[in-house]
Each structure stands twice: as structure tokens, then as C-alpha cells.
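*Asks:* Dock chain B against the given chain A, drawing on the hints supplied.
Chains as they are written, first to last, in the numbering used here: chain A, 1 to 479; chain B, 1 to 137.
Derived by calculation from the structure, the hints in this document are not laboratory data. Where is the CB? At the ideal position from N, CA and C, for every residue including glycine.
Straight-line alpha carbon distances no greater than 27 Å define the calculated DSS-like cross-link-like pairs of lysine-lysine that follow:
1. A:K429 - B:K128
2. A:K456 - A:K390
3. A:K370 - B:K128
4. A:K412 - A:K474
5. A:K370 - B:K133
6. A:K453 - B:K126
7. A:K474 - B:K133
8. A:K156 - A:K3
9. A:K453 - B:K128
10. A:K451 - A:K474
11. A:K451 - B:K128
12. A:K447 - B:K126
13. B:K133 - A:K456
Stretch by stretch, here's where chain A covers chain B in the computed footprint (C-beta under 8 Å, at least three residues):
14. 56–68
15. 129–136
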Amino acid sequence: MAKLYIFGIGGTGSRVIKSLTMLLAAGVAMKDYEVVPIIIDPDSANGDVTRTVEILKNYQQIHDRVNADKASESSFYKTAISNISQNFRLEIKGSHNEEFRDYIGYSELSDSNKALISMLFSKDNLRADMEVGFKGNPNIGSVVLNQFSESEDFVKFASDFSAGDRIFIISSIFGGTGAAGFPLLLKNIKNADHKLPTWAILKEAPIGAISILPYFGVWPDPKSKIDKATFISKTTAALSYYNSNVSGNNSLNALYYIGDEVNKDYENHEGSTYQKNDAHFIELAAALAIVDFAHTEDADLKNVDGRAVAPLYKEYGVISDTETITFGDLGIRSQQHMQKALSQYMLFYLYLENHIQSSLDLPWATGSVKIDRAFLAQPFYNTYLRSMNKHFWDWLTEMKRNKRSFAPFNLKVGYNNLFEVIEGVKAKKGLFERGSNYSRMDYVLSKDEPKIKALKQDAFFLELFSKATEDLVKEKFNF
Amino acid sequence: MNELFAAIFEGWGWFRLGDFSNDLYNNLLYTPIGIIMVATSITWMVIYYYVIDHPRFSRPWHWLIWILILCAINFAASNYITSWKLTELYTSLEKDVPYYSEFTTFSIVVAVWTYVFAFMISLLIKRKSVMCKRTPF
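Chain A on its own, in the form it takes in the complex (with noise of 0.2 Å):
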């Protein structure tokens, strides 16, 4: 199976490859690729990387476990989710716990080479602790982040890529690391040392990337090294080195532009736990730019010498410039990829929360796979999938109370009012449908028992609620 290396590189791109996760959870199909998610981040203790961790981490065992005897059936967590690394993380050499002063050596240059650094680095540039990142300084960012290629885990990386392969890099383009480590990693990939075996390849390999633009700011503190008046001038900046050195020299096949007003200042963290800001739309949709990079042909990624022949350029938009986006205000293409797909996982989310402790007594239930109180109690259940589910509910809240608010979702859907879950979709109602609500469901999946083949527990009960809940979909929305 042909893999997708995505490097999430920031904070923001931690996001991104968690948006990216909850999409695959719920069956957004990625073309058979199987996701190596590779996360770029000096902070190691930053809270959005850490939340991303632990989700591929959940979404791992479970697929795992699914498919541990035969390719599950299901659409959920149907795509195969890799790690070159423990905990999905690419380290750079020396980029914890000192000063960038004595990362470079500051101490023992000459007078002239200090003088020269000065002119590059402010003095707190040069007293900035790495141990939380950058800290919106992509001066900074540009040298430690060019240590790549000693990186032992981007040698593992380069070692396994494949012919038929393909990369996608995630980065913000208003922070620190993200607007400097995306040109030194393509860079790195494209000029990979003639020693590896695989060079020549990844010479070759299709590349995308996601160059996401402000979205967010952040609330001003004189303390944080952080302020949100640079962005603007940052992203011009970045904009036009990467017109000479990144889209100029079509080092890309595919790029994509994201980026919103900014609608809501988050708390003003330099990094660490405390870096845990809500997920936004935007993370979405840039998720959404890697499922078309997956389904983008061949044919459209062809590189001669190491450039792209016909690189792509897309930017994202909505139908409507609306505070609060719901399904309908998205484009044809981001419908098609994940409405019936979110709406079949947020069914699926809602029975196991309120209804499936009453209902292990029905034929679902009850078949030649027993699904009973032992199951629920098991690890498959009660801590991944469970897990799973909280964070796909955190996600949801937090994309709805966001500013541009996502909210495809009535968060506060009732027993008595179930498939008025989607906004702006009515369900359909047919005049001798047998049961409402979740007793609809359990019609609809014991209707479906039957049919599923898989004989393992956690096969059979994640391929009848995926079946199922497509079945619901298309009889109650025409999804």
C-alpha cells in the first residue's frame, strides 16, 4: 500500500493532522493511501501536539484491532494510520532546553561574526529558551529547523519512502516554526543526501503542501514574546520568499492557500501545555486540502528533474461569507468528501452515548456476535473508541463555539429529536417506517445484523454501525 507522508509542522499543524484524524474516523477515504502523520515541533510538551498524539494513538489501536485478522469492511477508521517514530513526533537535534545563543554558539565567535549575528537577532532572539519552539520567531526557526537532515527520524523517514509514495507538508505561515520549517524540510526532501538509498525518489516524489494563512490572533501581552501586529508583516514576508524559492521554482506539485479574517484572539501562550487552543474550521478545511491531495491523479503530480511539470494552486472558499458555516455553505467538493461521512459518525457518537446500554438485548445485539456488557467493558470500547468519541465531541464544540463558527451539528439533539440532528437538513419521514429516533436505529441495525460478516467483536460491531449508519443517511438525508 502507497503511503502519504503528512509533516505537521507548528502547532497549527498539529491541528491540522487532528482535524485530519477525526475525518478518517469517521470513513473520509484517502485513495488507499495508508497516513504517516510526522509532527515537527520543538515544544514537546505543547498541548496541541500532545491532545494529536493521543488521538492517532486511539485511532491506531482501533483500526488495529479492526483489521487484525482481515480488511475490515467498515468506512470507519478504514484508512491505515503508520508512525516512522514513537509518538509520531520528527526530533530535531538540539532544539530543547537551551538558549539560541548557545544552540549557535554564540559564546565563541569572533567579534565580527557576533556583530553580523546581531544584525540578524535581536538580543531576545538570542536569550529565547527553544524549550517551548519558536515563539513566532522563524529567524530563529530557519537555523535550528535546518538541521533536518541529521535528524535521525527524518532518516528513517527518507529510508522508507517508496516509489508510488507521495508528501504533504502543513504549515502556518504567521508563527515561528511553521513558516520556517516549511521551506527547510522541502528543501531537505528535494536535496535529500546522495548516502541514502532512496534520494533519487525523493527527488521525485509528488509533494504538496498547505501554506495556511492568519486565521487567529491572540490577545496582547507585554511578557509573551508573541504578538498578533506581526503577522501580517510575517506572512508578506514568507509569501514572497516562498514565490522565489518555493512556488517560484516549482519545488511543489501541489499548494494550497487557506486563511480567514481573524475573528477570535486565543489566550496569549508562548507555547508548552498551555498551548492547547480550540480547533477552528480552518484546521478542517486544510485537512480537507490533503484528502484532494490523495485523490489528485498521477498524472496532474508529474516532476522532470526534481520540479513540478504543471503545479496546482488552489485557495479554499465557502458559499457563504456566514459567521456560523453549516454543511450547506460549504462547496460541492467538501460536501461530497465528508457530510455523509461526519453525519454517519455523529450518529454513531450519539447512539453509543445515550441509547446503546438499553438496547444489548435486541437482535443486533443478540446474533451470532454478541455485543453485551463484557464488550463495553473491554479496551476496544471502553477506552479507545470512547476516547475517540470524547475528542471528536470536544472537536465539535470547539469548531461550533470558534469564531468562524463550524456547526454542521445540533450539539444539543435530543432523545425525541434525533435525526433533526443536522442543521439546515430536514430528515425524511416515511409514512410506515417502523421506530423513531434511536428506535429507527436500532431497526436500521438489526435490519443490517445479518448482512455483516466479520466474526471478531470489534470487526463486526464497528462494520454493522458503519453499514447502518450509511443505511440512516441515505434514507433520512439523501446523503
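*Replies:* Using the frame of chain A, we list chain B on its own:
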């Protein structure tokens, strides 16, 4: 058919009620009661398994209540038919009806046979139901 239902309702001699049973046999009353039992049981259980077939009515106790209602219907039907026909018979003979508890006893027997018959129909037809394919077990 009267022979067949007589054998069933009299339990091959176990539930014979003397002259009462003879009167039912001689006046061909076993046939309509038997046909009503068979027809209502089939209709009633088909309605349960294929027309209702609802998640909220799929538990064993729903099934039990449904069958008990059927038994009550057959109890009432057999009680009504026997008392009506035998009263008519003895009135034409200008005699008092010589039975009292026999009507109830016979109706209970019919209700029990209804339960047994409905149970057997359940076993035969439940597999094709969606929500009740494992009801009562």
C-alpha cells in the same frame, strides 16, 4: 375437521367434560372454535412479527402480553359460542342448560391450546422478522 378439533380440545380424553363435550361434538361446535383459534393465532402472530415488528415491542414480555391478549380473545369467543349455541339447543328442547362451570373450564382449555398454537407459530415465522426474530428467545 370436527374430529380433529375434538381430539385436540378434549386432549385425547384428558380434558373431556362428559355430556358437555358430547354436546359440543354432536352439534359440530368444535369446528368453528378450532377455526377461530387457528385463524386468529396465525393472523395475530403475523401482525406481531411482520406488521408491528417494532423496536419498542420486541422484548419477550411484549410477546407474552400479545399472546395473552390472543388467549383472552379465544377464551371469550369459545365461551360466547358454546353458551349461545347450547342455550339455543336446550331452549329448543324446552330444558334448562345443565352446565355452568363447564363453559369456563372449556374456555380455559381453548385459551391454553391457543397459547400452545401461537407459540408454535412464533417459532415457525419469527426468523424472517427484523426486530422480533429472537422473541421470545
